[in-house]
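Trainee: What follows is the residue order along each chain.
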Amino acid sequence: TQLLEQSPQFLSIQEGENLTVYCNSSSVFSSLQWYRQEPGEGPVLLVTVVTGGEVKKLKRLTFQFGDARKDSSLHITAAQPGDTGLYLCAGAGSGGSNYKLTFGKGTLLTVNP
Amino acid sequence: ETGVTQSPTHLIKTRGQQVTLRCSSQSGHNTVSWYQQALGQGPQFIFQYYREEENGRGNFPPRFSGLQFPNYSSELNVNALELDDSALYLCASSSTGAGANVLTFGAGSRLTVL
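Residue numbers (the numbering used here), protein chains in the order written: chain A, 1 to 113; chain B, 1 to 114.
Keep in mind that the hints were calculated from the coordinates and are not lab data.
Think of the CB as a built atom: it goes at the ideal place given N, C-alpha and C, for glycine as much as any other residue.
One should not assume that every hint holds.
[Unchecked claim] A partial selection of chain A residues facing chain B, derived with a Cβ cut-off under 7 Å: (1) 36; (2) 39; (3) 41; (4) 42; (5) 81; (6) 85; (7) 88; (8) 99; (9) 100; (10) 103; (11) 106.
[Said to hold, decoys possible] Take a look, some chain B residues computed to stay more than 12 Å from chain A by CB distance: (12) 11; (13) 12; (14) 27; (15) 61; (16) 75; (17) 79; (18) 104.
With the hints as constraints, model all of the structure from the sequences given.
Mentor: Laid out in structure tokens, this is it:
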């Protein structure tokens, strides 16, 4: 069974601060995705990382995929209240199991003005 | 481009009852996946439908079943409801090939079992 552990589970910071969220597993994934989910909504895809060591930037968000494709991190620079939400990482299996995503429990981020 | 729509948004059932949840996929998508998200947890894969057939299943009992229709919309049916079935049920649509893992989620159906 593939599991993804996210840390921290909860994070409350002030506007303007930086933060990093981690997603770790003992399993190798063919790709890893990050989603943000707001209350009453479904998850919205932020990024997909595929290659070990890959770094992707989306405005103030920086995503990194570990060299061994077992872990990933999301770094937010100068957080804003609009960044508040549940951040979920999800791994896609390889070969015959690539049809499903395995999600972590999420990191609930609150950015206070 | 129309996104993924789910109905109903909220519903309350009692133990032992049956429920049907509905999902309309995003335009251009032919694959539908269902996920269960319990409170404080990440979504868990239930199953996926492609070409009107189940294409893969997670660790859920047979009382969780589904359908996909020729227009790619889908239903999730749960029989003999249990208290632990209380959750947000998310439908996600995708295409095949390179877009297979690019999921577009609906807002979900919040099921409460009393």
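Trainee: Take a quick look at residue 104(B) and tell me if its Cβ sits farther than 12 Å from every Cβ on chain A, holds or violated.
Mentor: violated (8 Å)
Trainee: Would the hint on residue 99(A) be counted as holding, given a Cβ-Cβ threshold of 7 Å to chain B?
Mentor: holds (4 Å)
Trainee: For residue 11(B), is the shortest CB-to-CB distance to chain A above 12 Å, so the non-interface label stands?
Mentor: Consistent with the label, residue 11(B) stays out of reach of chain A, its closest Cβ about 15 Å off (over 12 Å).
Trainee: Against chain B, is residue 36(A) within 7 Å by beta-carbon distance?
Mentor: violated (11 Å)
Trainee: Hey, does residue 79(B) actually stay past 12 Å from chain A on C-beta?
Mentor: Given that every Cβ of chain A is farther than 12 Å from that of residue 79(B), nearest at about 22 Å, it holds.
Trainee: Once the shortest beta carbon distance from residue 42(A) to chain B is found, is it less than 7 Å?
Mentor: holds (3 Å)
Trainee: Is the nearest CB of chain A more than 12 Å from the CB of residue 12(B)?
Mentor: Correct as stated: the minimum Cβ-Cβ distance to chain A is 17 Å, above 12 Å.
Trainee: Regarding the assertion that residue 75(B) does not contact chain A, is the least Cβ-Cβ distance greater than 12 Å?
Mentor: The claim holds: residue 75(B) sits with its nearest Cβ about 17 Å from chain A, beyond 12 Å.
Trainee: Hold the hint about residue 100(A) up to the distance rule: shortest CB distance to chain B must be less than 7 Å.
Mentor: With a closest approach of 4 Å, the residue 100(A) hint holds.
Trainee: Does the CB of residue 103(A) sit less than 7 Å away from some CB of chain B?
Mentor: holds (3 Å)
Trainee: Grab the minimum beta-carbon distance between residue 27(B) and chain A and tell me whether it stays above 12 Å.
Mentor: holds (17 Å)
Trainee: Next item in the hint list is residue 88(A). Is there a CB on chain B closer than 7 Å to its CB?
Mentor: holds (5 Å)
Of the numbered hints given earlier, the model fails hints 1, 2, 5, 6 and 18; all others are met.
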